[in-house]
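Colleague: What follows is the residue order along each chain.
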Amino acid sequence: MFELSSESVEEVKKQMARFETIESAIIPSLYAVQKQNQGWINDEAIEALSKVMQIPSSRINEVFKFYTMFNQKKVGKYHVQLCGTLSCHINGAPDISDFLCQNLDIGLDEVTADGKFSISRVECLGSCGTGPMMQVNETYYESLTPELALSILKGLP
Amino acid sequence: MSEIKILSQYYDKPEFQFLEGYKQNGGYQMLEKALKMQPQEIIDMVKASGLRGRGGAGFPTGMKWGFLPKNGEPRYLLCNADEGEPGTFKDRMMMEKAPHQLVESMIISSFAVDSHKSYIYVRGEYYKSISILNKAIEEAYKAGYLGKNILGSGFDHDMDVYQGAGAYICGEETGLISSLEGKKGQPKLKPPFPAIQGYLKKPTIVNNVETLASVIPILRDGVQEYRKYGTEKSPGTKLFSLSGNVKKPGNYELALGYPLKSLIYDLGGGIKAGRSLKAVIPGGSSAPVLTAEEVEKANLDYESLSGLGSMLGSGAVIVIDDSQCMVDCLANLTHFYHHESCGQCTPCREGTGWLDKITHRILAGQGRMSDIELLVKVADNMKGRTICALSDAAALPVLSFVTKFRHEFEYYVKEGRSLVKGKVLYHGQMHH
Ligand SMILES: Cc1cc2nc3c(=O)[nH]c(=O)nc-3n(C[C@H](O)[C@H](O)[C@H](O)COP(=O)(O)O)c2cc1C
Ligand code: SF4
Ligand code: FES
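Line by line, the protein sequences are chains A and B.
Per our numbering, numbering through the first sequence is continuous, rising by one, with the last residue being 157.
Per our numbering, numbering through the second sequence is continuous, rising by one, with the last residue being 1432.
If you are wondering where the hints come from, they were derived from the structure by calculation, not from laboratory data.
Beta carbons are placed, not taken as given, at the ideal position from N, Cα and C, and that holds for glycine.
Hints should not be assumed to be uniformly reliable.
[To be verified] In silico DSSO-like pairs for lysine-lysine, Cα to Cα no more than 30 angstroms straight-line:
id : chain 1 : residue 1 : chain 2 : residue 2
1  : B       : LYS1357   : A       : LYS65
2  : A       : LYS13     : B       : LYS1184
3  : B       : LYS1128   : A       : LYS74
4  : A       : LYS14     : B       : LYS1148
5  : A       : LYS51     : B       : LYS1201
6  : A       : LYS13     : B       : LYS1117
7  : B       : LYS1097   : B       : LYS1201
8  : A       : LYS74     : B       : LYS1117
9  : B       : LYS1036   : B       : LYS1183
10 : B       : LYS1033   : A       : LYS65
11 : B       : LYS1190   : A       : LYS65
12 : A       : LYS14     : B       : LYS1414
13 : B       : LYS1005   : A       : LYS35
14 : B       : LYS1228   : A       : LYS13
15 : B       : LYS1201   : A       : LYS65
16 : B       : LYS1023   : A       : LYS73
17 : B       : LYS1148   : B       : LYS1188
18 : B       : LYS1033   : B       : LYS1188
19 : A       : LYS35     : B       : LYS1247
20 : B       : LYS1190   : A       : LYS13
21 : B       : LYS1228   : B       : LYS1201
22 : A       : LYS73     : B       : LYS1128
23 : B       : LYS1148   : B       : LYS1228
24 : A       : LYS74     : B       : LYS1247
25 : A       : LYS14     : B       : LYS1033
26 : A       : LYS65     : A       : LYS116
27 : B       : LYS1190   : B       : LYS1135
28 : A       : LYS35     : B       : LYS1128
29 : B       : LYS1184   : A       : LYS14
30 : A       : LYS13     : B       : LYS1202
[To be verified] Derived, one-sided and incomplete: chain A residues facing chain B with beta-carbon distance under 7 angstroms:
id : residue
31 : GLN15
32 : MET16
33 : GLU23
34 : ASN71
35 : GLU110
36 : ALA113
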């Protein structure tokens, strides 16, 4: 059974007091829940959040499902988001995607057996002049080659 | 011809990120000046400057501000920092390098439109921009530039940062408002326009990061000086994000009217040795593509690009060289729009799905000759019939790619492989 940590509850309450309507706190609160739950959100977590916020879970779910940064499936400790949009695409993004998947032995949207990495292809991340690029959790890595991208991942603790 | 650094003047000074360094370079002097003016004087200056929105639509900023009701009803200023138009990375750089410039410009703009609360809606992935902005806002509160009775003027203003959560459509101004209200980021039918009924049904101004920042030089240098750069209809400077197959990509601040080919060849260092220019998307992925021949005649201003059937958009210039397959490039864009359509209008939801499917069918070597006409037909049916402009934005690239590079599409269908790359470029991996 998923339970919100006291830290998360505190954060959610803080967010609920921050805006003129408590609904504006749904997105920031989902971030708090996702952080507590190792990068993804399940039904139980939505239920728990619904109780604290006093907002129906269906209402929270509709927001949760709309936004791509909320993960509906387990992700790795390091969630790698590779930009696949045009500027990165024509500068070699597909080669990086293939190379990483091969070397980590996973497909897109899968998690490595040790739970350390997951890779997904995402749309333009606003780093097009230094593409190809990837975002690993909160950090941008730019001007990548396949080898460089792999060595960055291998260097993570 | 070179760059005109007005908004980006201090980008290379790391101390400009912090209050101390910002103030050493003239920071917050315009706020002091503004607070001694009449709000209407500021609006009039912005109107006279001819400043047009830098987020994509190019709407005159002073005119938009003038739409607000004059009855003292509470209103909001929202800064659109959702920057998601493929090819665009100018707002991120501005937030990271010059956060106080944005904060100061927003306090001035809020004073002008009589708003006591503003939000900067930043796309969720920009963690770094968000943390830098939060720090700047904290510094501004401590220094008395935000909060109650700012600098003894009697004007109160609060500012906050809102982190989006990954949805291109939240860059559309009413989608942004829905998102800030804690809903799905779906655009709303206009009218009512946000200036009359926006965030929480209150009058609301939504402006792009760069638009707001431009208020500072207008106030500092005066309308005449501001209009010295640019053209009659496109005054001032603008940031251009240069990317793709070009040697020196990056953000360049240019006087509007700057020749596109100078950006690519002089500032951008040109195309890699052994390659030549094939095409350029001049204003973000929604702007119709230009051929190398058209690039010769194009200037970076609103009127020149619309004269060529394209648009200035967000100022994202994507360079495509002759090693690229145009079928592949278009399929990449149709995938984007299909992924980003919010789905509430049938022509857009179905249309983007079809465009994605047909372009990938061709890319897989399984296209039919009739598919080329079908692409045109589907795209035509998506124009001008929807709640927001995403549907048109998805249709326009299709029409321009298919018309201008038709031989590449025909070859791909006939031979079942790319004319340029000599092979099949899609094996059904990308969709999920
Ligand atoms: C699909 C779509 C996406 C948009 N994305 C952005 C964006 O990321 N940033 C932005 O400033 N404007 C974006 N816009 C334009 C906004 O709707 C709006 O015109 C702009 O924020 C107004 O500010 P401005 O007049 O200062 O440009 C988008 C429009 C559409 C139709
Ligand atoms: S045009 Fe497309 S993106 Fe815009 S509101 Fe309609 S369905 Fe949503
Ligand atoms: S296209 Fe990859 S970051 Fe913009």
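Colleague: Would the hint linking B:LYS1036 and B:LYS1183 be met if the CA-CA limit is 30 angstroms?
Modeller: 39 angstroms, violated
Colleague: Are A:ASN71 and chain B close enough, Cβ to Cβ, to be under 7 angstroms, as the hint says?
Modeller: A:ASN71 check fails; min Cβ-Cβ to chain B is 10 angstroms, beyond 7 angstroms.
Colleague: Run the distance test for B:LYS1148 versus B:LYS1188: straight-line Cα separation, threshold 30 angstroms.
Modeller: 33 angstroms, violated
Colleague: Is the interface hint for A:GLU23 satisfied, with its Cβ closer than 7 angstroms to some Cβ of chain B?
Modeller: 3 angstroms, holds
Colleague: Just to be careful, I want the Cα atoms of A:LYS74 and B:LYS1247 compared with a cutoff of 30 angstroms; is the pair within it?
Modeller: Outside the cut-off at roughly 39 angstroms; violated.
Colleague: Starting from B:LYS1357, check that the Cα of A:LYS65 is at most 30 angstroms away, please.
Modeller: With a Cα-Cα distance of about 23 angstroms, the restraint between B:LYS1357 and A:LYS65 holds, given a limit of 30 angstroms.
Colleague: So if I understand the rule, the pair passes when the alpha-carbon distance is 30 angstroms or less; does A:LYS14 with B:LYS1414 pass?
Modeller: Outside the cut-off at roughly 61 angstroms; violated.
Colleague: If you draw a straight line from the CA of B:LYS1033 to the CA of B:LYS1188, is it 30 angstroms or shorter?
Modeller: 37 angstroms, violated
Colleague: Hint A:ALA113 vs chain B: min CB-CB distance below 7 angstroms?
Modeller: 20 angstroms, violated
Colleague: Tell me if the straight-line CA distance from A:LYS14 to B:LYS1148 falls inside 30 angstroms.
Modeller: Status holds; Cα separation ~22 angstroms.
Colleague: Does the structure keep A:LYS74 and B:LYS1117 at a Cα separation of 30 angstroms or less?
Modeller: Given that 30 angstroms is the threshold and the Cα spacing comes to 38 angstroms, the pair is violated.
Colleague: Per the CB criterion, is A:GLN15 less than 7 angstroms away from chain B?
Modeller: 10 angstroms, violated
Going through the hint list in order, the structure does not satisfy hints 7, 8, 9, 10, 12, 13, 14, 16, 17, 18, 19, 20, 21, 23, 24, 25, 27, 31, 32, 34, 35, 36.
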